[in-house]
Amino acid sequence: MNEVKIKSNNLNVFYGDKQALFDVNLDLNEKEVTALIGPSGCGKSTFIRCINRMNDVIDICKVTGNIEIDGVEINDENLDVVSLRERVGMVFQKPNPFPKSIYDNISYGPKIHGKGETKSELDEIVERSLKKAALWEEVKDRLDEPGTGLSGGQQQRLCIARAISVNPEVILMDEPCSALDPIATAKIEELIDELKKTYTIVIVTHSMAQAVRVSQKTGFFHLGKLIEVGKTEKIFKNPDNKMTQDYITGRFG
Amino acid sequence: MSNEHTVKSYEEELQFLVDSVIKMGSLTESQMVDSMDAIIKVDKDSIDKIIKSDDEINKFRSKIDTQIMTLLVKRAPMAIDLRETISSLKISQDLERIGDLSKSNAKKVKPLPLDLPEELLSNLKRLGELVIKQLNDVLDSYVNKNYDKAKEVWKKDEQVDDLTYIAMESVIDFLSKDKKNLDFSTHLIFATKNLERAGDHITNIAESICYLIKGEYLKGSRPKGKVIQE
Chain U
1 MNEVKIKSNN LNVFYGDKQA LFDVNLDLNE KEVTALIGPS GCGKSTFIRC
51 INRMNDVIDI CKVTGNIEID GVEINDENLD VVSLRERVGM VFQKPNPFPK
101 SIYDNISYGP KIHGKGETKS ELDEIVERSL KKAALWEEVK DRLDEPGTGL
151 SGGQQQRLCI ARAISVNPEV ILMDEPCSAL DPIATAKIEE LIDELKKTYT
201 IVIVTHSMAQ AVRVSQKTGF FHLGKLIEVG KTEKIFKNPD NKMTQDYITG
251 RFG
Chain E
1 MSNEHTVKSY EEELQFLVDS VIKMGSLTES QMVDSMDAII KVDKDSIDKI
51 IKSDDEINKF RSKIDTQIMT LLVKRAPMAI DLRETISSLK ISQDLERIGD
101 LSKSNAKKVK PLPLDLPEEL LSNLKRLGEL VIKQLNDVLD SYVNKNYDKA
151 KEVWKKDEQV DDLTYIAMES VIDFLSKDKK NLDFSTHLIF ATKNLERAGD
201 HITNIAESIC YLIKGEYLKG SRPKGKVIQE
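Protein sequences appear in the order of chains U and E.
This note's numbering puts the first residue of the first sequence at 1, with every later residue one more than the last.
This note's numbering puts the first residue of the second sequence at 1, with every later residue one more than the last.
Bound conformation, chain U alone (with noise of 0.2 Å):
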């Protein structure tokens, strides 16, 4: 098994006075597709949404436990929010690309975050996340066309890319692949597959198969607890847990 990347413990996450989450004590491991599932509003999302604290953004959310990338601390007020989500990457269930050219959308990023300083150098990298995100060869001769010109799949892989651009450590993926197509999904989890060599990736899913197949670790939420947690083979066959199991066999209610 690989190392630990991300560790957390006891996480708590508030909206208000309603309790998101309930001491969550995870540990994702590198270079390895962690799947999280579980139904609506268990808590999945929110705990993506904390790794690279996008939950900042929502006043009245309050964290508190902690979560450790390589072993530090993200939580500490003193962090830099932009250098952590240019280390961690977000991939969300509608494909979002800017409204600018394919181009513009991936080398955005590593503008901002002072990556490509020349014209050359962002060639270079708008062309090798493309490439990574399997789609370089379908859109190779109309890099200035708007990004939302693409299909759904495409456009997906376009976000993807965008991630990939500023080189981050992980990738945190919302249901990539709820608003596409089979091919498309495949196509997504084919690339999946090859970025988790480079990679950390968490993917939030609602399709038991695609859990299976992308992952080599699975977590199971329900009402804000984390209720299971190992191996995806084993969960999938042979689960410790009666709610896990209750769950991914569709006895549920």
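Derived by calculation from the structure, the hints in this document are not laboratory data.
Careful: at least some of the hints might be erroneous.
What the hints assert, rightly or not - Short derived list, chain U residues pointing at chain E, Cβ under 7 Å:
1. F14
2. G16
3. D246
4. R251
Unchecked claim - With a cut-off of at most 25 Å between alpha-carbon atoms, the simulated SDA-like pairs for lysine to any residue come out as follows:
5. K237/U to Q15/E
6. K145/E to E233/U
7. K237/U to E4/E
8. K234/U to T6/E
9. K231/U to I213/E
10. K74/E to D181/U
Stated by the list, open to error - Covered stretches of chain E (chain U as the covering partner; in silico rule of three or more C-beta atoms under 8 Å from a C-beta of chain U):
11. 6-15
12. 77-86
Predicted model, so just to flag it, every value in this text is computed and none were measured.
The C-beta atom is built at its ideal place from N, Cα and C for all residues, glycine as well.
Go by the hints and put chain E onto chain U.
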């Protein structure tokens, strides 16, 4: 099984699959009882009926295969449901093989003389009774999802091995007394071996049931009794 599925028809399909395996098991058991009876009583009239009942068992096997394919494609079962589906596949395969062995034994009745010595049949009868009991117990453990009982059956196959050895020896003994007995003695040896093989399939079923219940295979190798060198 725990709570019911949210999708009722899924629940019904799984239950229907389990019911099919139980029915197939019960047919296999009756067929084995009949074929043992036919040998012990040298009842040549019942042979055809036993052979026919094997067709019935085979039909169940194809039906179960279809049900499993449908479940896999429709429901993509997980965890306990996946194990239930996969064990049904394995158990039905073993039951079908047991059916073939009982059919094969029924066919062996035809060349047997009506005046077989009692001591020759008594050991075979004991073996047959034990194998039937094993089959009954293993099916019972499947119906009641009883792990301990399935494991008990698995362990008890050692006794099947021992009785096979004894039954074989008595046939060989009988044969060595008079070479004229060669023809039907060979049939009795095969019948004995078939019962021993049926016993092995029963232990496979016990293993499948243990895996179904606990999600892990029985550890270590099964205790083995005396065996005749092949």
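Hints and how they fare:
| no. | hint | result |
| --- | --- | --- |
| 1 | F14 | violated (31 Å) |
| 2 | G16 | violated (31 Å) |
| 3 | D246 | holds (6 Å) |
| 4 | R251 | holds (4 Å) |
| 5 | K237/U to Q15/E | holds (19 Å) |
| 6 | K145/E to E233/U | holds (23 Å) |
| 7 | K237/U to E4/E | holds (18 Å) |
| 8 | K234/U to T6/E | holds (23 Å) |
| 9 | K231/U to I213/E | holds (20 Å) |
| 10 | K74/E to D181/U | holds (18 Å) |
| 11 | 6-15 | holds (count 3) |
| 12 | 77-86 | holds (count 7) |
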